[in-house]
Every structure is written in C-alpha cells, then in structure tokens.
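Using the sequences and the accompanying hints, generate a full structural model.
Chains as they are written, first to last, in numbering that gives the first Met the number 0: chain A, 0 to 187; chain B, 0 to 187.
Careful, some of the hints might be misleading.
Chain copies aren't distinguished; within one or between two, either way the pair holds.
Claimed, not checked - Below, simulated DMTMM-like cross-link-like pairs (lysine to aspartate or glutamate); rule was C-alpha separation at most 25 Å, straight line:
(1) LYS86 / ASP41
(2) LYS86 / GLU126
(3) LYS86 / ASP99
(4) LYS86 / ASP39
(5) LYS10 / ASP41
(6) LYS10 / ASP39
(7) LYS59 / ASP115
(8) LYS86 / GLU104
(9) LYS10 / GLU163
(10) LYS43 / GLU104
(11) LYS172 / ASP101
(12) LYS43 / ASP179
By construction, these hints were calculated from the structure, which means they are not laboratory data.
Number of protein chains: 2
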Amino acid sequence: MFKVGFVTTNKGKARELIELGRLYGVEVNVIYSSKVEIQDVDLKTVALHAALNAMAQLGKPIAVEDSGLFIKALNGFPGPFSSYVYKTLGINGILKLMSDVDHREAVFKSVIAYADPGVGIHVFEGEVRGTISYRAKGKGGFGFDPIFIPVNSSKTFAEMNINEKNRVSHRSKAFKLFVDWLRKSFKT
Amino acid sequence: MFKVGFVTTNKGKARELIELGRLYGVEVNVIYSSKVEIQDVDLKTVALHAALNAMAQLGKPIAVEDSGLFIKALNGFPGPFSSYVYKTLGINGILKLMSDVDHREAVFKSVIAYADPGVGIHVFEGEVRGTISYRAKGKGGFGFDPIFIPVNSSKTFAEMNINEKNRVSHRSKAFKLFVDWLRKSFKT
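Here it is, written out as structure tokens:
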C-alpha cells in the first residue's frame with residue numbers, strides 16, 4: 000500500500016485525509032506542522048509553494064492540501080483565505096455579507112500538491128458546486144461546512160457524516176486524482 | 000541624498016512613498032513588480048519574507064512596505080489581507096460587516112522591511128489608531144482610506160490631501176523610523 004505524508008495543522012482536515020486514504024487505498028501519515036502559505040488568489044500557486052517549502056524543510060516527498068470557498072456574489076471571497084476569514088469573521092460574518100443576496104452560488108475548491116525531488120511538484124484539483132445556506136446547519140466537517148450545500152443535496156456538508164461528505168467533496172475528487180496518478184507513476 | 004528602492008504594484012502606495020521620501024529627505028525609486036506575500040497574521044513576518052524574496056530576485060538592497068487595517072470588532076480583519084479584501088468585498092463589504100456595530104475602533108498598521116545583504120533585514124513599524132466611519136467619505140488616498148478616521152481628526156484619510164495624510168499616517172511613522180535608521184547606519 001502507498002504511504003503518503005500530508006502536512007497540516009487542521010485536525011478536521013487531517014481526519015478527512017486519513018479517511019480518504021482508507022477509501023482510496025493509501026496510508027495517510029499526517030505531519031502536524033504549519034506550512035508556508037503565500038497570498039495568492041490562485042489556490043494552485045499557494046499549494047505549489049507550500050509543498051516545495053515543506054519538502055525542503057522535511058527532506059522527503061510530501062503532500063499538502065489547500066482548499067477554499069469561492070462565493071460568486073462576493074467576487075470569490077473568501078477563496079484562498081478561507082481559514083483566516085473563518086477565524087476572524089466566522090460563519091456569521093459570511094452570513095451577514097450574504098444577507099439580502101439572492102444569488103448564492105459558491106464553489107468549494109481543493110488542490111493537493113505533491114512535492115518529490117524525483118518527479119517534481121504535481122497538483123491535483125477537485126471542486127464541487129453548491130450554494131450558501133441562509134443559516135448554519137449541522138455539526139460535522141469543519142470550517143464553512145455548515146453553510147455550504149452541494150448541488151443535488153438538501154444537506155450542508157456539516158449535516159453529512161464523513162463518508163457521505165467524502166463521496167461528493169472537492170477534497171475527495173482531488174484525492175482520487177492524486178491516488179490515480181500515484182498508482183500510474185509508481186507501479187509496484 | 001540616500002536612494003532607496005521600494006517594490007510595489009500599488010500606484011497609490013508608490014505615490015505616497017515618493018512623497019514621504021521628499022518629506023524625509025531620501026530619494027525613493029519605485030520598482031513596479033509584484034512581491035511574494037505569505038499568509039500570516041503578523042505583518043512583520045509578511046514583510047520580512049517579501050523583502051528577502053525581492054532582494055534575492057533583484058540582487059540588490061531593497062525595501063517593501065506592507066500595511067493593513069485591523070478592525071477590533073472583526074477580530075483584526077481584514078489585517079494583512081486588506082488588499083485582497085479591498086478587491087473582493089470592497090469598502091461596502093466592510094461597512095456591511097460593521098452595520099449595527101457600535102464599537103468601531105481600528106488600527107492602520109504599516110511595516111517597512113529593508114533587506115540588504117550587508118546588514119540583514121530590518122523592520123520598521125508605524126501605526127495610527129482611529130475609527131471606522133459609518134459611510135465612505137473622500138476621494139484621496141487608496142484602499143480603505145475613505146472609511147478610516149484617525150484619532151484627533153474629523154476627516155477620513157481620503158478627505159485629506161497627501162501632505163495632511165503623511166503628517167499622521169502609519170506609513171509615515173514607519174518611514175521616519177526607517178530613514179532615521181538609514182542615517183545612523185550609513186553615515187555619509
């Protein structure tokens with residue numbers, strides 16, 4: 000079985016990555032460490048930079064996952080800064096910004112960047128479209144999950160259990176592409 | 000006269016830096032180029048990183064200036080992400096987040112980081128306290144200037160001309176410390 004190290008300090012994300020590893024047949028080893036994130040509106044650039052830095056620091060192949068909620072009516076805000084905005088404005092801040100806003104389309108995006116001196120840095124993207132709910136619902140997931148309803152669902156991400164979320168999430172889609180690539184690139 | 004290079008893509012900031020140079024007796028040479036900004040809640044860390052990268056890229060001593068508006072009722076938001084938040088939520092987004100909020104204290108902070116292979120990287124900080132206005136006023140300055148009223152003033156930064164703003168601004172305070180240090184460190 001493939002073993003992959005992921006750097007993160009987010010426990011909710013770590014739990015999902017480990018569970019995604021089980022789903023797709025790879026062993027996820029979480030390294031609880033902060034990563035260098037640059038300010039860029041493109042998640043891929045943020046993830047490439049973070050993966051390169053983590054690899055240089057740890058001296059071995061490593062993956063990072065960066066994700067963001069892009070709300071159309073807010074010009075893509077909070078996007079790559081979702082974690083900081085969650086900590087400062089929180090869910091209520093987003094709901095306040097979205098009050099009296101009818102167009103509630105949003106996209107949750109995930110980028111996994113895998114840095115390996117032997118093969119370079121590769122990025123894998125996943126996204127799921129949906130809408131911002133009018134109030135927070137559910138206790139599962141993390142971050143803005145209580146206000147994001149993916150298409151073809153009546154539940155927010157936070158109302159789903161981890162398996163339900165992993166069947167449809169942005170992170171799951173990126174993770175599957177990553178695992179497919181691992182299998183193809185490192186045939187064992 | 001001292002000559003100092005500053006890297007920025009912000010024309011409003013460039014204009015102020017050139018004018019501050021005239022005020023404090025140094026020649027400011029603006030290099031219109033983007034800089035690497037990391038995601039960090041501490042402006043000093045962002046500025047140190049940006050200055051180091053700019054120096055490495057340009058191969059010569061260089062300064063960067065990073066600033067942010069820290070609103071107390073919003074847990075410091077938008078802080079180091081002021082530029083991104085200005086482009087996405089804009090002034091109206093901040094006013095919406097601050098609607099029905101009585102405690103309107105805020106701090107504008109500026110950090111200048113000067114990177115020079117001979118002396119290392121030095122940071123100089125300035126800040127000005129004030130309040131967030133209830134509506135945008137004035138056409139001067141840039142960014143969130145139309146909604147920031149510094150203490151002991153009845154005008155927003157955007158209602159001041161550049162000389163009035165430079166007498167009291169966070170950027171001016173950081174700039175003065177920088178110039179004092181330059182004179183002391185490189186006596187000519």
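Cross-check of the supplied hints:
In this homomeric assembly, LYS86 and ASP41 come within 25 Å of each other (Cα to Cα) both inside a single copy, at 21 Å, and across copies, at 14 Å. With identical chains, the CA atoms of LYS86 and GLU126 are at most 25 Å apart both within one copy (23 Å) and between copies (23 Å). With identical chains, the CA atoms of LYS86 and ASP99 are at most 25 Å apart both within one copy (23 Å) and between copies (21 Å). Taking the shortest alpha-carbon separations for LYS86 and ASP39, both the intra-copy value of 19 Å and the inter-copy value of 13 Å come in at or below 25 Å.
Proximity of LYS10 and ASP41 under a CA criterion of 25 Å is satisfied in both settings, with 24 Å inside one chain copy and 23 Å between copies. In the homo-oligomer, the alpha carbons of LYS10 and ASP39 lie at most 25 Å apart both inside one protomer (24 Å) and across protomers (19 Å), since each shortest distance falls under that limit. With identical chains, the CA atoms of LYS59 and ASP115 are at most 25 Å apart within one copy only, with a shortest distance of 7 Å there and 32 Å across copies. Taking CA atoms no more than 25 Å apart as the test, LYS86 paired with GLU104 passes in both settings, with 22 Å inside one copy and 19 Å between copies.
With identical chains, the CA atoms of LYS10 and GLU163 are at most 25 Å apart within one copy only, with a shortest distance of 19 Å there and 48 Å across copies. Taking CA atoms no more than 25 Å apart as the test, LYS43 paired with GLU104 passes inside one copy only; the shortest distance there is 22 Å, against 36 Å between copies. For the homomeric pair LYS172 and ASP101, neither the shortest alpha-carbon distance inside one copy (28 Å) nor that between copies (44 Å) is at most 25 Å. Taking CA atoms no more than 25 Å apart as the test, LYS43 paired with ASP179 passes inside one copy only; the shortest distance there is 19 Å, against 41 Å between copies.
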